[in-house]
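Using the sequences and the accompanying hints, generate a full structural model.
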Amino acid sequence: MSTRHDAHVLIVGGGATGGGLAHDLALRGLRVTLVDRGELTSGTTGRHHGLLHSGARYAVGDREAGVECIRENTLLKRIAPDSFECNDGLFVAVCDEDLEYLEPLVEGCTGAGIPVQRLTAAEALRLEPNLNPELRAAVRVPDATVDPMRLVLRFFATARHNGADILPYMEVTGLLVHDGLVSGAEVRDHVTGKTGEIHADVVVNAAGPWSGKVAAMAGASVPIAPSPGVLLALRGRFCNMVINRMHKSGDGDIVVPQRGLSIVGTTSWVVEDPDDLSVPEDHVERMYTEGSKLIPALRHAARRAAWSAARPLVGATGAATGRELSRTFQTFDHGEREGIEGFVTITGGKSTTLRGMAELCGDVVCSKLGIDEPCRTAETVLLPHTAYYSPLAA
Amino acid sequence: MSAPATNELPGTAERDLPGPIHHKGPGPAESGWFDPRHRGHGGRGLALHRITGLVIVLYLYLHLGVLSMLLIGRSSWSSFLSLVTAKSFLALEAVLIAAVAFHGLNGIRVALVGSGIAVPREQGMFWIATALAIAVGIFAALHVLGVL
Amino acid sequence: MSDRTDNRRFRVYRYKRGDGAERFDEFDVPVGPHSSVLDALRWIQLHLDPSLAMRHSCLHASCGTCGMQVDGREELACVCWVQDQGTQITVEPLANLPILTDLVVEMTGFFERFPHAHPIIRSSEPPVSEDSDAEATAHHAEVALQTDLTLHHHPLHHLHRAAPPAVDFVRLEDCIECGLCLSACPVASTSHEYVGPAALAAAERLLEEPRGVKREDVLAWASRPEGVWRCHVSFECTQACPADAIPAERIMALRRQLMFGENDDKEKER
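Chains A, B and C, in that order, give the protein sequences. FYI, numbering that gives the first Met the number 0 numbers position 384 of the first sequence as 383, with every residue one higher than the one before it. FYI, numbering that gives the first Met the number 0 numbers position 112 of the second sequence as 111, with every residue one higher than the one before it. FYI, numbering that gives the first Met the number 0 numbers position 260 of the third sequence as 259, with every residue one higher than the one before it.
Errors might be hidden in some of the hints.
[Claimed, not checked] Residues of chain A placed beyond 10 Å of chain B at every Cβ, according to the derived structure:
1. Arg-77
2. Asp-95
3. Asp-188
4. Asp-275
[Stated by the list, open to error] A partial selection of chain C residues facing chain B, derived with a Cβ cut-off under 8 Å:
5. Leu-51
6. Ile-88
7. Glu-91
8. Glu-105
9. His-231
10. Glu-235
11. Arg-254
12. Arg-255
[Said to hold, decoys possible] Lysine to any residue pairs mimicking SDA-like chemistry, simulated, CA-CA at most 25 Å apart:
13. A:Lys-193 <-> C:Phe-23
14. A:Lys-193 <-> B:Arg-14
15. A:Lys-193 <-> C:Arg-7
16. A:Lys-292 <-> A:Arg-77
Because the hints were derived from the structure by calculation, they are not lab data. Every residue gets a Cβ at the ideal spot worked out from N, C-alpha and C, and that includes glycine.
So, in structure tokens, the structure goes:
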């Protein structure tokens with residue numbers, strides 16, 4: 000598929016957001032260049048535990064997010080077949096207090112259109128023998144597990160094969176702004192050490208928790224609160240399904256199987272600078288404690304790694320934990336917001352909704368360029384991730 | 000509303016060039032197997048197997064060369080005999096015997112494991128082969144010295 | 000890292016295209032008790048030299064992008080702990096693949112070696128269990144028979160398999176496509192055509208679990224000169240593998256199938 004329009008879009012940021020958008024715009028026939036200062040998905044995207052949300056976690060407190068999730072969950076399984084461990088997930092009540100969350104959870108899921116099935120403790124233990132034997136009840140929802148890097152690489156692979164220029168190790172050092180119009184970016188190529196410029200009709204800021212820094216290069220601002228959390232990888236595949244704690248979002252309330260490892264997550268705090276994140280040992284200890292309430296064997300499991308990843312949360316800065324901020328995504332047209340034309344920021348959200356985020360932003364970008372092209376990502380099956388590395392057809 | 004093509008980007012041409020390829024070991028690529036540093040028992044076993052194999056081949060040529068001396072005459076044969084019956088030379092023969100033992104025993108291991116037989120015991124088999132080869136070498140050395 | 004209590008000297012390979020010169024840069028890096036080599040390299044990138052290029056993504060040995068040679072050994076930098084290394088640490092890119100820049104190798108050649116069919120979802124085994132009474136399941140025993148594998152060298156060999164669940168679960172393949180095996184392979188340095196351990200292990204997985212791929216096609220692909228017969232049984236690949244892909248054992252199983260496969264089939268039919 001070759002480009003049908005002359006318009007050139009430069010996307011800053013090679014994570015799920017950038018990859019989803021590159022694929023979306025390439026399908027609409029635009030010329031796309033994407034740059035990232037490092038490897039693709041090396042920011043926040045690659046670091047998450049690999050949960051494909053059913054939306055159940057949000058259905059109670061944030062119905063909109065729940066609806067978005069289940070729609071995108073179903074879509075992704077269709078456009079990226081053979082990428083997901085479709086084993087479903089369990090929400091498990093390990094104490095009587097947890098049971099108070101059961102009815103709101105079932106109602107919330109039903110209201111958001113998320114398939115939910117009640118299970119007895121015995122049924123849950125038959126499915127997952129390593130669960131806490133004291134568990135009271137469980138519900139089953141269509142959570143799934145995915146390799147976060149490889150899923151997003153499928154978007155990049157398809158975008159590349161549709162003509163997009165994907166350039167990792169190309170760092171944006173400044174934006175070209177003149178008279179309230181962004182016309183491109185100054186870049187340094189870390190492959191050669193040389194500097195240069197990329198000109199574009201629209202620059203899209205898809206830099207995740209670094210969106211604030213990139214926006215500032217144009218004199219714009221976005222309400223981004225980088226919100227890191229600690230994750231813990233333990234040796235041993237102790238479950239096949241995603242195991243969630245049946246309560247309001249809290250620390251260490253999820254266990255996700257990743258190949259031969261079990262990932263326990265997570266915590267939450269807010270920082271100014273998304274680089275150089277710390278990994279507080281007391282958070283790691285909390286993962287062991289909370290995780291073993293779901294699966295007791297995790298208490299003695301050997302630690303493979305502990306790390307932090309910064310969520311790009313949208314909302315008013317000044318929040319304390321980041322859990323108060325909405326997880327929905329937003330597109331900011333800086334022409335409308337601050338009179339800086341040719342510059343759009345898309346941020347917030349989570350991996351599960353990457354395709355939907357890209358559709359929304361793609362619509363905004365096309366309308367700015369006066370291009371009438373519908374989004375086709377919901378019907379297009381993605382190339383396998385290995386296609387990113389294979390040579391393009393001549 | 001169009002912008003110039005991306006061929007003004009720095010580095011796009013250079014990214015397509017073939018890059019250098021690193022190999023293990025200090026010499027050319029073909030010698031990568033030789034370097035025993037940073038390898039496990041298997042990689043060192045492979046190196047030893049190839050070295051002992053080369054030693055055995057070299058010995059075979061030497062042996063043929065020596066036998067061809069029989070064609071020359073008595074005097075060259077006698078001087079040759081005094082060389083090869085010297086203790087120092089016989090000590091080298093002990094090393095050769097150890098090499099043959101290792102190559103043969105490890106060879107059995109490689110033949111079995113390489114056919115998918117007894118794979119979980121491959122490490123054990125390697126150490127048994129090595130231990131036996133060393134024992135044979137020590138026995139040969141002691142025999143040469145006249146101790147055993 | 001918040002609690003940096005120690006300093007280590009890092010000797011890092013550098014190469015930028017255009018000027019073509021390869022060199023080593025030295026950096027002194029503050030590290031803490033849980034610092035990884037990747038943490039140290041990212042600290043260098045953040046505080047000393049933003050032009051240092053490297054690959055990483057998941058930070059927990061799951062994506063396979065951060066493969067490097069640390070003091071000559073293949074490691075995933077994100078789980079290679081600085082505390083286990085010496086006072087001077089040399090970091091180089093992987094061997095046997097072309098270098099793009101600094102610590103980044105081009106993975107195109109790695110993926111081109113794989114068999115054409117490359118499914119990454121497979122059936123799951125029963126989960127591990129602490130319960131010492133749990134016995135090996137029939138499924139696990141059957142898998143073991145096919146490939147003669149045990150968990151003997153595995154860090155989890157003290158665990159057992161729980162009983163199989165009521166449902167057929169799936170999971171991602173063990174291989175994380177990191178390239179450490181190809182870098183460690185002594186044959187791969189000599190022969191650039193050799194498909195390498197990861198590709199052969201993937202082929203063996205297709206025999207174990209076809210997922211629509213024909214057995215004859217896999218065996219034909221594997222028995223080419225640059226395929227399974229190039230392996231010289233050094234086991235460096237399994238030694239280097241940071242996941243549970245056990246490439247060496249799978250190569251031997253593949254060879255067994257090629258040599259005795261028909262006999263094994265006849266045994267099963269009896």
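Each hint tested on the structure:
At the 10 Å boundary, the C-beta of A:Arg-77 stays outside the reach of chain B, the nearest C-beta of that chain being 33 Å off. For A:Asp-95, the condition that its CB be more than 10 Å from all CB atoms of chain B holds, with the nearest at approximately 48 Å. Against the 10 Å criterion, A:Asp-188 falls within the reach of chain B, whose nearest CB is about 4 Å from its own CB. Once the 10 Å rule is applied to beta carbons, A:Asp-275 is consistent with being away from chain B; the minimum gap is 27 Å.
At about 16 Å, the closest approach between the beta carbon of C:Leu-51 and any beta carbon in chain B exceeds 8 Å, and the interface hint on this residue is violated. Using the Cβ-Cβ criterion of 8 Å, the hint placing C:Ile-88 at the interface with chain B is not satisfied: the shortest such distance is roughly 13 Å. Of the supplied interface hints, the one on C:Glu-91 holds, with its beta-carbon coming within about 7 Å of a beta-carbon of chain B, less than 8 Å. The restraint placing C:Glu-105 at the interface with chain B holds, with a minimum CB-CB distance near 6 Å, inside the 8 Å limit.
The interface hint given for C:His-231 is met, as the beta carbon of that residue sits about 5 Å from the closest beta carbon of chain B, less than 8 Å. At its closest, the beta carbon of C:Glu-235 sits 4 Å from a beta carbon of chain B; the interface hint therefore holds under the 8 Å criterion. The closest approach between the C-beta of C:Arg-254 and any C-beta of chain B is roughly 5 Å, which is under the 8 Å cut-off, so the hint is satisfied. A least Cβ separation of about 2 Å between C:Arg-255 and chain B falls short of the 8 Å threshold, and the interface hint therefore holds.
The hinted pair formed by A:Lys-193 and C:Phe-23 meets the criterion: a straight-line CA distance of about 20 Å does not exceed 25 Å. Among the hinted pairs, A:Lys-193 with B:Arg-14 is consistent with the structure: their alpha-carbon atoms are about 12 Å apart, no more than 25 Å. Using a Cα cut-off of 25 Å, the hinted pair A:Lys-193 and C:Arg-7 is violated, with the two alpha carbons roughly 30 Å apart. Of the pairs offered as hints, the one joining A:Lys-292 and A:Arg-77 is violated, with about 34 Å between alpha carbons and a cut-off of 25 Å exceeded.
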